[in-house]
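Participant: Quick note on my numbering: the sequence shown kicks off at 1 and runs consecutively.
By construction, these hints were calculated from the structure, which means they are not laboratory data.
Note that CB positions come from ideal geometry on N, CA and C, so glycine has one too.
Please note: incorrect hints may appear among the correct ones.
Restraint ranges, calculated between C-beta atoms of paired labels, are given here [what the hints assert, rightly or not]:
no., residue 1, residue 2, range
1, Arg-10, Gln-203, 35 to 45 Å
2, Trp-191, Ser-14, 34 to 44 Å
3, Ala-38, Ser-219, 36 to 46 Å
4, Ser-121, Gln-203, 18 to 28 Å
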Amino acid sequence: MTAVLKREIRSYFSSPIGYVCVAVLAALYGLFYFMVMARGSSSFIPSFVYSTMFNFSMLVIPIITMRSMTDDQKNKTDQILLTAPVGVTAIVIGKFLASFFVFFLASTLGLLPAVAMSFFSSPSWGEILGNYIGTMLYGGAMISIGVFISSLTISQIIAAIGTFAVSVFLMYVDALASSVNNAVVATVISWLSFSSRYSVFTQGLFSVSSAVFFLSVMSVFVFLTARRIESRRWN
Numbered sequence: 001m002t003a004v005l006k007r008e009i010r011s012y013f014s015s016p017i018g019y020v021c022v023a024v025l026a027a028l029y030g031l032f033y034f035m036v037m038a039r040g041s042s043s044f045i046p047s048f049v050y051s052t053m054f055n056f057s058m059l060v061i062p063i064i065t066m067r068s069m070t071d072d073q074k075n076k077t078d079q080i081l082l083t084a085p086v087g088v089t090a091i092v093i094g095k096f097l098a099s100f101f102v103f104f105l106a107s108t109l110g111l112l113p114a115v116a117m118s119f120f121s122s123p124s125w126g127e128i129l130g131n132y133i134g135t136m137l138y139g140g141a142m143i144s145i146g147v148f149i150s151s152l153t154i155s156q157i158i159a160a161i162g163t164f165a166v167s168v169f170l171m172y173v174d175a176l177a178s179s180v181n182n183a184v185v186a187t188v189i190s191w192l193s194f195s196s197r198y199s200v201f202t203q204g205l206f207s208v209s210s211a212v213f214f215l216s217v218m219s220v221f222v223f224l225t226a227r228r229i230e231s232r233r234w235n
């Protein structure tokens, strides 16, 4: 798994994808922090910076994950991985962690302006860290879904569009639940809501049940991706 992880991280940063994704998110964090500083109050950081950056972060994830599985299928290098002395699940976990590392790096760089501001103001670190942890968990779940979608196609564009569609659906699923008249369907849709579980963290609270939910989503989609790759091995 470690070898796969290192290989994938190198591939991200041997092409423009890794640098562009990290640079874009870091630049946007810097821009919104600058706008907060212009207002003269650090209290706007959680409500303005992170609420805005959450949407941008979710939109960058399809770009991060679109090549995770498609490149190996397109270049036929997946056969080398499948015959390597490493389990399929370890391969998938390595690729998932590599994609997550790019997202983690960009999001963590977004904390640096808050650290700098803490020298001359008092940011609400409880809410900031809550938003950060919630973004990591939500992003990790979306990355696992994106990696799974990329295993279904050899086209990076299709993988990116598919992940983008799922991301948008999950961001607005609460509105869909409120518009459904059937109580059972509305309950099921609400249970699938990522946003309601993420919103707990934005209040500066840590929810064990929400964290377990996101970690469970990651585990399920890593498992499904491994089974998808395993089926190609036998074919």
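Participant: With reference to the structure, classify each hint as holding or not holding.
Facilitator: Structure-based check of all given hints:
1. Arg-10 with Gln-203: 35 to 45 Å: holds (39 Å)
2. Trp-191 with Ser-14: 34 to 44 Å: holds (41 Å)
3. Ala-38 with Ser-219: 36 to 46 Å: holds (43 Å)
4. Ser-121 with Gln-203: 18 to 28 Å: holds (21 Å)
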